[in-house]
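S.K.: Sequence:
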Amino acid sequence: MKNFRKTILRVDLNAIVHNFNAIKKRAGEGVRIAPVLKADAYGLGVKEVMQALPGLESVCVASVEEGIALRRLHGEIEIIILSGLCRPALKAIEKNRLTPVVFEPTIIPFL
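Quick note on numbering: the sequence shown equals residues 106 to 216 in my numbering.
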């Protein structure tokens, strides 16, 4: 079957910066904004997006594995794991200084 549609993705990092700054301005002083950069920043390139947004204090990723990979690139930023916490990943989370989201109270006792 012939493909008649050519899909093109154009990433406008200036638009990402503009949108981030607009959100930050609207949120106000003292509010930490943590962009979600899971799945390689939704295919845009986590390295490129983070370079376009210097000075980030926190970012969110989907999994521990993504958090570990990002930690290798950025040693000091807070990395929040949206998938939460599971017992087998505790050591990796602690070693890599990741912040898991606690979305269920039953998780808390085994911390």
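I should point out that these hints are in silico values taken from the structure, not numbers from a laboratory.
Just so you know, not all the hints are guaranteed correct.
[Stated by the list, open to error] Lysine-lysine pairs mimicking DSS-like chemistry, simulated, CA-CA at most 30 Å apart:
| # | residue 1 | residue 2 |
| --- | --- | --- |
| 1 | 200 | 152 |
| 2 | 152 | 107 |
| 3 | 196 | 107 |
| 4 | 130 | 107 |
| 5 | 111 | 143 |
| 6 | 152 | 196 |
| 7 | 152 | 129 |
| 8 | 129 | 111 |
| 9 | 143 | 196 |
| 10 | 130 | 143 |
Only a predicted model underlies this, so the values are computations on that prediction, with no experimental measurement involved.
S.K.: Each hint should be assessed against the structure and marked as holding or not.
M.R.: Results of checking the hints against the structure:
1. 200 with 152: holds, 22 Å
2. 152 with 107: Violated, because 35 Å separates the two Cα atoms, which is more than 30 Å.
3. 196 with 107: violated, 50 Å
4. 130 with 107: Roughly 47 Å separates the two Cα atoms, so the pair is violated.
5. 111 with 143: Holds. Residue 111 to residue 143 sits at ~26 Å (cutoff 30 Å).
6. 152 with 196: Given pair residue 152, residue 196 holds - Cα atoms ~26 Å apart, limit 30 Å.
7. 152 with 129: Holds, because 21 Å separates the two Cα atoms, which is no more than 30 Å.
8. 129 with 111: violated, 35 Å
9. 143 with 196: holds, 21 Å
10. 130 with 143: holds, 23 Å
Checked against the numbered hints listed earlier, the structure breaks hints 2, 3, 4 and 8; every other hint is satisfied.
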